[in-house]
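J.: Each chain, written out:
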Amino acid sequence: MPSLSNVAIKLIPASQFTIDELTAIYNQTRVDYLVPMPMNATRLAEYVQAYDIDLHHSLVASEDGELRGVAMLGVRAERTWVTRLGVIPSTRRGGVGEALTRSLLEQSQILGIDFTMLEVIKNNAPAHELFRKLGFYEVGELLILRRSPSKQQVEPVIADARRLERYEALDLVGYNRGTQPWTNQSESMSHAEDISGLYLTLSDGSRGWLVYRRQKFTLTHFIYKTEEGNPAEMAYAFLSHLHHQYPRLDTQIENIQVNDPHLAGFYKMGYVESFRRIEMWRGIPPETLIARK
Amino acid sequence: MTKILIVEDVPDNVELARKILISRGYEVVHAANAETGYQLAMETRPDLILLDLGLPDYDGLTLAGQLREVSAFENLPIIAFTAWPVETAKHMAESYGCNGFIGKPIVRVQDFIAQIDSFLQKK
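For the record, the sequence lines run as chains A and B. Quick note: to get the working numbering, add 11 to the position in the first sequence (first position is 1). Quick note: to get the working numbering, add 3 to the position in the second sequence (first position is 1).
Honestly, the hints are just simulated from the structure, not real lab data. Treat the hints with care, as some may be off.
Interface residues of chain B toward chain A, partial, derived using beta-carbon atoms under 7 Å [to be verified]:
1) V13
2) G57
3) T65
4) G68
5) S98
Bear in mind that the values here come from a model prediction, so they are computed numbers and not experimental data. Glycine is no exception: its CB is placed at the ideal position from the N, C-alpha and C atoms.
Work the whole structure out from these sequences, hints included.
T.: Below you can see the structure in the form of structure tokens.
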């Protein structure tokens, strides 16, 4: 059982609640967020599965018999991830968020893991300060980008284009990509359905690949790499093929590094910035996560 | 009677908007998620949609994009209803074919009504 960081706040393993109950408490904590990101039970269950959320080590906060907040812990080899942390608006500034976060860090220690990751929405100053206080440090700024469906047909850049089946796409994604944000790690992709990809070779020899998830209404989960050539031009090229193929799908991609050299290609294709997150770490990333030269 | 479809998942936001709009003489239809919002738009043919951007099944911008694909809704006022910062809300609403946005929470009832009336007059 988690230890109590505050005697008035009772921390209960999230595994003692149903997904419907967790969804309800999570949505209540987000109701006044600038970017509320509510979920239904189906989406939360997918989230738990896709991002390796360990509900036994995730927590719900209760005070005087009332549910006050929730925080979830993703667990993968040698790393944990703090996510879905939220406190009911009327209860904020009372130490619930800190108690939840401290206890998640204790849970990580119990699991023998010293390295923890999280993202905080940029300009969410109270949360950002709390994480700094608890030993997290900033490692980068991340973009959430979107592109609306377009009635204008996108002309694909002339290239030798090959569709990648799921197993090929996951093979590329799994290779030596270093310390990616949790949502973009190879495990996140391998847990997701409907993953496929594109491999392009341009006439000047530039080449690269894009792996993505195609859902009913949206394209999501982009992972890409320019193996040879200009990254911005390669990005525009593979996006031109993708959006030519799926003109009616909305596109939402998250946690793209702000200094990613591919970004100019995204903007040229009509992507717009939705909001930003700050990526924070606590501890030193394990050797197995660092890209090999 | 002019019909407004509110697509919004937070009950307090729905009730306030509903009360204000009904007091103004509008008919109000409500959906608490995007899928129901799409169905009700098709079935009830509203004169304006007030659309929350954060919905529990899929988000409001995706729904706006879907609705714009329907020829009958090409000119329908779709108004984003959001707490996003003004510049972001404006930018995202335009990108997804919304006619504009109204900020949340509703602070001044008269301003809210004036905005709704204005979007309907432009129709």
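J.: All the hints need checking, so say for each whether the structure fits it.
T.: Right, here's what the structure says about each hint:
1. V13: holds (5 Å)
2. G57: At about 4 Å, which falls below the 7 Å cut-off, the nearest Cβ of chain A leaves the hint on G57/B intact, so it holds.
3. T65: holds (4 Å)
4. G68: holds (5 Å)
5. S98: For S98/B, the interface hint holds, since the closest Cβ of chain A sits about 5 Å away, which is under 7 Å.
Hint compliance for this structure: no hint is broken.
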